[in-house]
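> Residues per chain, in single letters:
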Amino acid sequence: MPKYDIKVNGVSKSVDVAEDTPLLWVLRDHLDLVGTKYGCGIAQCGACTVHLGGNAVRSCSLPIVSVAGQEITTIEGLSEDGNHPVQVAWKEVDVPQCGYCQAGQIMTASAFLDKNPNPTSDEIKTAMHGNICRCASYIRIHRAVEVAATKIG
Amino acid sequence: MSDSSITFNRRSFIRTSSLASGGLLIGFNLFTACKPKVQPPVDISQLNFNDFNAFIKIADNGAVTIFSPNPEIGQGVKTAMPMLIAEELDVAWDKVYVQQGILDTENYTRQLAGGSQSIRLGWEPLRQTGATARQMLVNAAAVKWGVDPSQCTTSEGVISNAKGETLGYGDVVKEAAAMEVPENVTLKEPKNFKIIGTDAQNVDIDKIITGKPLFGLDYKVDGMVYACVLRPPAFGQILDSYDDAKAKSMPGVLDVIRIGEKAKELSKEGVGNWTVAMSKSDKVVVIAKSTWEALKAKEAISAQWTDGAVMESTEFQDKQLIGLLDGKEFKTLRKDGDIDKAFAKADKILERTYESPFLPHNCMEPMNFFANITEEKIHLVGPVQTPEFAATAVAGMLGRDVKEVHLEMTRMGGGFGRRLYGDFVYEVAEIADAIKKPVKLVFSREDDMTSGTYRPAIKYRIKAAIKDDQVTAYHLKEAAIGGNMYGLIPNFFPAGAIENYQVDVANYESNITTGAWRAPYTNFLAFAEQSFFDELAETMEVDRIQLRLDLLEKVKGTTDERIQYSPERMQNVIKVAVDKSGWGKKEEGVFQGFAAYYCHNSHVAEVADVGIENGMPVVKKVTCVVDCGIVVNPLGAKNQIEGGVIDGVGHAMYGDLSFVDGKPQSQNYDKYRLIRMGEIPEVESHLIQNEIAPTGLGEPTLPPAGAAVANALKAATGNRFTQQPFSKFPELMQVPTKPIIG
Numbered sequence: 001m002p003k004y005d006i007k008v009n010g011v012s013k014s015v016d017v018a019e020d021t022p023l024l025w026v027l028r029d030h031l032d033l034v035g036t037k038y039g040c041g042i043a044q045c046g047a048c049t050v051h052l053g054g055n056a057v058r059s060c061s062l063p064i065v066s067v068a069g070q071e072i073t074t075i076e077g078l079s080e081d082g083n084h085p086v087q088v089a090w091k092e093v094d095v096p097q098c099g100y101c102q103a104g105q106i107m108t109a110s111a112f113l114d115k116n117p118n119p120t121s122d123e124i125k126t127a128m129h130g131n132i133c134r135c136a137s138y139i140r141i142h143r144a145v146e147v148a149a150t151k152i153g
Numbered sequence: 154m155s156d157s158s159i160t161f162n163r164r165s166f167i168r169t170s171s172l173a174s175g176g177l178l179i180g181f182n183l184f185t186a187c188k189p190k191v192q193p194p195v196d197i198s199q200l201n202f203n204d205f206n207a208f209i210k211i212a213d214n215g216a217v218t219i220f221s222p223n224p225e226i227g228q229g230v231k232t233a234m235p236m237l238i239a240e241e242l243d244v245a246w247d248k249v250y251v252q253q254g255i256l257d258t259e260n261y262t263r264q265l266a267g268g269s270q271s272i273r274l275g276w277e278p279l280r281q282t283g284a285t286a287r288q289m290l291v292n293a294a295a296v297k298w299g300v301d302p303s304q305c306t307t308s309e310g311v312i313s314n315a316k317g318e319t320l321g322y323g324d325v326v327k328e329a330a331a332m333e334v335p336e337n338v339t340l341k342e343p344k345n346f347k348i349i350g351t352d353a354q355n356v357d358i359d360k361i362i363t364g365k366p367l368f369g370l371d372y373k374v375d376g377m378v379y380a381c382v383l384r385p386p387a388f389g390q391i392l393d394s395y396d397d398a399k400a401k402s403m404p405g406v407l408d409v410i411r412i413g414e415k416a417k418e419l420s421k422e423g424v425g426n427w428t429v430a431m432s433k434s435d436k437v438v439v440i441a442k443s444t445w446e447a448l449k450a451k452e453a454i455s456a457q458w459t460d461g462a463v464m465e466s467t468e469f470q471d472k473q474l475i476g477l478l479d480g481k482e483f484k485t486l487r488k489d490g491d492i493d494k495a496f497a498k499a500d501k502i503l504e505r506t507y508e509s510p511f512l513p514h515n516c517m518e519p520m521n522f523f524a525n526i527t528e529e530k531i532h533l534v535g536p537v538q539t540p541e542f543a544a545t546a547v548a549g550m551l552g553r554d555v556k557e558v559h560l561e562m563t564r565m566g567g568g569f570g571r572r573l574y575g576d577f578v579y580e581v582a583e584i585a586d587a588i589k590k591p592v593k594l595v596f597s598r599e600d601d602m603t604s605g606t607y608r609p610a611i612k613y614r615i616k617a618a619i620k621d622d623q624v625t626a627y628h629l630k631e632a633a634i635g636g637n638m639y640g641l642i643p644n645f646f647p648a649g650a651i652e653n654y655q656v657d658v659a660n661y662e663s664n665i666t667t668g669a670w671r672a673p674y675t676n677f678l679a680f681a682e683q684s685f686f687d688e689l690a691e692t693m694e695v696d697r698i699q700l701r702l703d704l705l706e707k708v709k710g711t712t713d714e715r716i717q718y719s720p721e722r723m724q725n726v727i728k729v730a731v732d733k734s735g736w737g738k739k740e741e742g743v744f745q746g747f748a749a750y751y752c753h754n755s756h757v758a759e760v761a762d763v764g765i766e767n768g769m770p771v772v773k774k775v776t777c778v779v780d781c782g783i784v785v786n787p788l789g790a791k792n793q794i795e796g797g798v799i800d801g802v803g804h805a806m807y808g809d810l811s812f813v814d815g816k817p818q819s820q821n822y823d824k825y826r827l828i829r830m831g832e833i834p835e836v837e838s839h840l841i842q843n844e845i846a847p848t849g850l851g852e853p854t855l856p857p858a859g860a861a862v863a864n865a866l867k868a869a870t871g872n873r874f875t876q877q878p879f880s881k882f883p884e885l886m887q888v889p890t891k892p893i894i895g
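Chains A and B supply the protein sequences, listed in that same order.
The opening residue of the first sequence carries number 1 in our numbering; numbering runs sequentially from there.
The opening residue of the second sequence carries number 154 in our numbering; numbering runs sequentially from there.
Chain A with its partners taken away, still in its complex shape:
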């Protein structure tokens, strides 16, 4: 099998997998970074969201061959010790119920706020619309993005 080099959370990694292996499973099964979650496998739920070159992407639908040589940030690498403003806001608002989708929510929110640090309520709704929370903690997700914006802005 071919070898692919990727940089994950600032660390260079080399993985030996089939070219169509989604980044999600490379992270989870090969690099032991299980914070990125599997939800649907077809880029519909957002649980697998990571940053690729600073953009929020769905790792379940990105074959490793398409991201070779690029820089990826996962929830584990978003901050040194959970102190990214979005993580701090998530804690302050006490967002999670089951917690499974939250890493993906946080990765979507953090990439969004990087580009739009002072969003309107509607802009937050649009930005977060692609991430499903089955427990429906949406009200707190929305509030946490607003709180994070005040910390960043």
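Don't take each hint at face value.
[To be verified] Think about it this way: if two alpha-carbon atoms lie no more than 30 Å apart in a straight line, the pair counts; the simulated DSSO-like pairs of lysine-lysine are:
| id | chain 1 | residue 1 | chain 2 | residue 2 |
| --- | --- | --- | --- | --- |
| 1 | A | LYS151 | B | LYS248 |
| 2 | B | LYS881 | A | LYS125 |
| 3 | B | LYS481 | B | LYS620 |
| 4 | B | LYS773 | A | LYS125 |
| 5 | B | LYS442 | A | LYS3 |
| 6 | A | LYS13 | B | LYS773 |
| 7 | B | LYS341 | B | LYS297 |
| 8 | A | LYS7 | B | LYS728 |
| 9 | B | LYS442 | A | LYS7 |
| 10 | B | LYS590 | A | LYS13 |
If you are wondering where the hints come from, they were derived from the structure by calculation, not from laboratory data.
Position chain B against the provided structure of chain A, taking the given hints into account.
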């Protein structure tokens, strides 16, 4: 009518011992008495949840660890249950470390997540345990000081005496371990609570926001392989043959095996119809070195399936259910007076039929489980709401002693009832038993959605008699797939309020596996009933709120023990909801709908506000008033309320799983619509303050939400929605130029 509390003999359910590693270990039992002679282990690694189902550890340095016994599915018990212990133990909550208790039990019946009962049933025993431990620590300090224990006080883990001397819990923990277990501890008055009633963050919050391995799907051991299972694509099909040549040649694939023989043993274990249905067909399993390789190779297997006698489609099922409602074969679950006589004498009769589809649970974490089966041990790890049941069934299925089963619970990425059913545990156990390797079974989203234990499709027909401006009869008929309402549900409102009252049920035995789904039965029954009461008020030309209040008035003072809802508490939540929602006082363009419901021992009233955007009705806000007694953790409680309401609105609007020839027509989120951020209403929640023992909150706010929305949609559009999901009827969503106020 009562909020029953359970009394315990403390001696019978608490044991203490000093730990080899230092500190005190208290073993206790939540819901049943323990075996009288058992002592807790001296080594913390030897915790045996067969003997005690929960433990507190107080270290020499005073640090407190509480092993939370019940599975966490997002309902917040891993935070709230330890809060009850910490309150009476009198320690600072931020100094308490909570750890998920391992579960491996054959003797206890209540270590599960379901029915919104964990807090209600844990309320007394958990506080008594904390109080007993505190008293032992105080007694030990009193002996040290040579004073009477009554002269000692505690605060946040420190014991003080009248002279102003202090000792930390850690200073006396060794002596306390040798103390008699006191018999008569006093619990705090609610007004003295320091932890109960305060906001506590989710105990796993730091791990969740940093992506630490918490969930079953994250669990991994050295040498573990991955399994994906090819199951019948349609309900009713049986595996005939399969060709695995291509799959076996794919990279990473270790083996392809056929399972099903062991699962057939399960039908002898009394595990329920759903398992029997699921184990009718053999299955094909791909074992691979990684999840992706297993998923891909599964797609490469070509299998032949034999159709069963009846391959059910939604249209066929609808006919069956309507046939049942029209028929005469019912089981009567409650009968008061004589409905037939009352209908014969009625001035007016109102009859309506309400229809709901199947719903998959769609936990965000798909079903999965780990197993490693050796000659010595059956090691199971993963997310299951009924671990004890799963352990017993696996042992029976494999012909092993349940004592060999070691089952660890992980945090669960949602439950909603799906993980009450251990089909995935039985599958992985059969696989692990065959391959003799540690293995993780993973469902793809498609597997998860198409081999579910769905919320059954149900139809209700409700008929009421009106005579002299009074409701004189109420007849509820239920036609359901795969089982009917149970327990006290037939005795919920309006039972007791109407003289002639009858609940009849009929069941269609289907190939499609069904089961509990958040607020089983009531999740749709509330919609039918509370929609019907609005129509009843319209027919009678009376105020819809007053109609409900008047009927509740008639229940006051009932001696019928089957009636456990409180008319007083129900009237109160209704009145508060009317007040807080600005009922009847909204500006033009806001249309309100009302619903009130009792289930899981809690009373809830909701008002939905619908506005018009671009000519379409939109749910803008839901005001939700809850009486669940004392609120242990308001921060967590409000999260449950908001989630339950939005879940209720979302499924009423969009949830729909249909079948063609036994095959589910939605397999993933591209074809199955769940409510998303852009579609949610604002939720304003109000918790009634009282000092009544707490009741459930994981489920009760969901059932009334659909009816509140339907009643508001009626006000906005003039159209009555009697079928879910509402999105299936866009023609009814048209807003007339002049809105009709119903």
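> Each hint: holds or not?
Against the structure, the hints:
no., hint, in the structure
1, A:LYS151 x B:LYS248, "holds, 28 Å"
2, B:LYS881 x A:LYS125, "holds, 24 Å"
3, B:LYS481 x B:LYS620, "holds, 25 Å"
4, B:LYS773 x A:LYS125, "holds, 14 Å"
5, B:LYS442 x A:LYS3, "holds, 17 Å"
6, A:LYS13 x B:LYS773, "violated, 48 Å"
7, B:LYS341 x B:LYS297, "holds, 25 Å"
8, A:LYS7 x B:LYS728, "violated, 59 Å"
9, B:LYS442 x A:LYS7, "holds, 23 Å"
10, B:LYS590 x A:LYS13, "holds, 28 Å"
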